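Input sequences plus hints: build the corresponding full structure.
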Amino acid sequence: MTSDTPIGPIALPDTRSRRIVERLLAGSGVTLNGEAPQDIRVLHPDVFSRILHQGTLGLGETYMEGWWECERIDQMAHLMLLHGLGQHARTPSEKLMYRLQSGFRNLQSRTRAYMVGEAHYDLGNDLFERMLDETMCYSCGYWKEAEDLAAAQRAKLELACQKLDLKPGMRVLDIGCGWGSFAEHAARHHGVSVTGITISREQAALARERCAELPVEILLQDYRDLDGQYDRIVSIGMFEHVGHRNYATYFETIRRLMPSDGLFLLHTIGANRSEISADPWINRYIFPNGTLPSAMHIARESEDHLLMEDWQNFGPDYDRTLMAWLANFDAHWHEIAPRYNERTRRMFRYYLSVCAGAFRARHLQLWQVVFSRGRARRYDAPR
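When we follow the working numbering, the leftmost residue of the sequence shown carries the number 1, and every step to the right adds one.
Hints were generated in silico from the structure; no laboratory data involved.
Warning: the hint list may mix true and false statements.
Okay, the calculated beta carbon distance ranges per label pair [claimed, not checked]:
1. Pro316 <-> Leu12: 17 to 25 Å
2. Arg19 <-> Ala248: 43 to 51 Å
3. Leu220 <-> Pro316: 29 to 37 Å
4. Ala381 <-> Ser274: 34 to 42 Å
5. Gln229 <-> Arg41: 51 to 59 Å
6. Glu217 <-> Ala150: 19 to 27 Å
7. Asp227 <-> Pro382: 28 to 36 Å
8. Ser274 <-> Pro316: 45 to 53 Å
9. Glu147 <-> Asp227: 39 to 47 Å
10. Gln221 <-> Gly191: 23 to 31 Å
11. Glu145 <-> Gly27: 32 to 40 Å
12. Pro382 <-> Leu12: 31 to 39 Å
13. Ala248 <-> Asp165: 20 to 28 Å
Calculated pairs, EDC-like style, for lysine to aspartate or glutamate (alpha carbon to alpha carbon, straight line, at most 16 Å) [claimed, not checked]:
14. Lys144 <-> Glu158
15. Lys167 <-> Asp231
16. Lys167 <-> Asp261
17. Lys144 <-> Asp317
Computed from a prediction, not measured in an experiment: that's the story for all the values here.
Virtual Cβ for every residue (Gly too), placed ideally from N, Cα, C.
Below, the structure is given as C-alpha cells:
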C-alpha cells in the first residue's frame with residue numbers, strides 16, 4: 001500500500017467510471033463499500049478508471065497496490081464469474097495483443113521455456129514450503145475421500161500411480177517434476193525408477209535432496225531435448241506451460257519416448273473454450289507465457305500420436321486445494337515476511353483467491369487423461 005493511500009474505505013467518487021463499474025456489478029452479489037465478505041472496499045478514487053482501462057490486469061495490480069480491499073476475494077471472483085463478468089474483464093486490446101504475440105512468436109520456445117521457472121518457481125522454496133504441505137505437490141489434490149490437504153495430495157499421487165499401472169522395476173519419466181512429489185511417491189511405494197525433469201533450478205535442488213536415497217534422477221531440462229524409452233510417462237501440472245504452438249511436438253515427443261505397451265498420464269488445468277488467450281494479470285505476475293488447453297486442443301493435437309484411453313474431470317477439487325494453500329500461506333506468512341514484501345503477499349493472496357473462485361464457478365477444469373499407443377488389451381481406469 002502506498003503512503004498516500006487512505007487506511008479505510010473512501011467515499012465513492014462521482015465519476016463515469018465508478019458508475020460503469022457499479023452497473024456491471026449490479027445483480028452479481030458484489031457491491032462497493034458493502035459489509036459482506038465478498039464486497040469491495042474502495043481505498044483509492046482512481047481504482048475504477050484503472051480497472052476499466054486495464055481489465056483483469058488493472059484489477060489485480062490495484063489490489064497489489066492497496067487500492068481496494070476484500071475479505072473474501074475467492075467469493076468475489078466466484079460471484080463475478082457466475083454473473084458473466086469474466087468476458088468483460090479482459091479488454092479487447094489485451095485479447096488482441098496476446099493473439100498477435102502467440103501467432104507470430106512461439107511464446108514457449110526452448111529459449112523462453114525457463115522464464116516461468118525463473119519468474120515463479122524460483123521465487124523461493126521457503127515460500128512454497130509454507131504454502132504447500134509436506135508432499136510439496138503444487139497441483140490439484142484429489143479430495144474424494146481426503147479430509148486434509150496432505151491426504152488429498154497423497155491420494156492424487158496414488159491415483160496417478162494406479163492409472164499408470166506401475167510395476168516394480170519400471171522406468172518412469174516425470175515431465176515437469178516440480179519438487180519431486182510424484183517421483184518420490186512412485187519410487188518409494190511402487191518400486192520404480194524415475195527420471196524427473198523441471199525448468200526450475202530451485203525445484204531441481206530440493207527434489208534431488210528429497211529423493212537422494214531413492215532411484216530417482218532429477219534433470220534441469222526441457223522436454224523437447226529428452227531421449228530414451230520409458231515404460232510409463234506422467235506430466236502433472238506442466239502442460240499449462242507448453243503453449244498451443246507446441247502441442248503437436250509435445251504429444252509426438254511422448255510417443256517417441258514410450259514403448260508400444262506404455263501408458264501416459266496427463267494432469268492439467270483446462271479451459272472451457274478453445275480460444276488462444278491468457279489472463280493478463282496471471283501472465284504478467286504468476287505464469288509468464290502460459291495458456292490453458294481446451295478439451296478440443298488436447299483431443300485434436302494428440303490424435304495423430306496417441307490413443308486416448310480415459311478422461312476424468314475433478315475440477316471442483318482445485319477450489320478446495322487452493323483455499324487450503326491460502327490458509328497455509330496466511331498462517332505462515334510471518335515466518336518469511338522479512339524476506340519478501342507486502343506487494344508479494346498481496347500478489348499471492350490475490351492469485352490463490354481468484355483461481356479458487358474460477359474453479360468454484362466451473363470457469364476452469366482439472367483433467368486427468370490417460371493415453372496409450374493403441375495397445376491391444378482393455379484399459380480400466382481406477383477412480
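A quick look at each hint next to the structure:
no.: 1; hint: Pro316 <-> Leu12: 17 to 25 Å; result: violated, 35 Å
no.: 2; hint: Arg19 <-> Ala248: 43 to 51 Å; result: holds, 48 Å
no.: 3; hint: Leu220 <-> Pro316: 29 to 37 Å; result: holds, 34 Å
no.: 4; hint: Ala381 <-> Ser274: 34 to 42 Å; result: violated, 25 Å
no.: 5; hint: Gln229 <-> Arg41: 51 to 59 Å; result: holds, 58 Å
no.: 6; hint: Glu217 <-> Ala150: 19 to 27 Å; result: holds, 26 Å
no.: 7; hint: Asp227 <-> Pro382: 28 to 36 Å; result: holds, 31 Å
no.: 8; hint: Ser274 <-> Pro316: 45 to 53 Å; result: violated, 22 Å
no.: 9; hint: Glu147 <-> Asp227: 39 to 47 Å; result: holds, 43 Å
no.: 10; hint: Gln221 <-> Gly191: 23 to 31 Å; result: holds, 25 Å
no.: 11; hint: Glu145 <-> Gly27: 32 to 40 Å; result: holds, 38 Å
no.: 12; hint: Pro382 <-> Leu12: 31 to 39 Å; result: violated, 54 Å
no.: 13; hint: Ala248 <-> Asp165: 20 to 28 Å; result: holds, 27 Å
no.: 14; hint: Lys144 <-> Glu158; result: holds, 13 Å
no.: 15; hint: Lys167 <-> Asp231; result: holds, 10 Å
no.: 16; hint: Lys167 <-> Asp261; result: holds, 13 Å
no.: 17; hint: Lys144 <-> Asp317; result: holds, 8 Å
Hints 1, 4, 8 and 12 from the earlier list are contradicted by this structure; the remaining hints agree with it.
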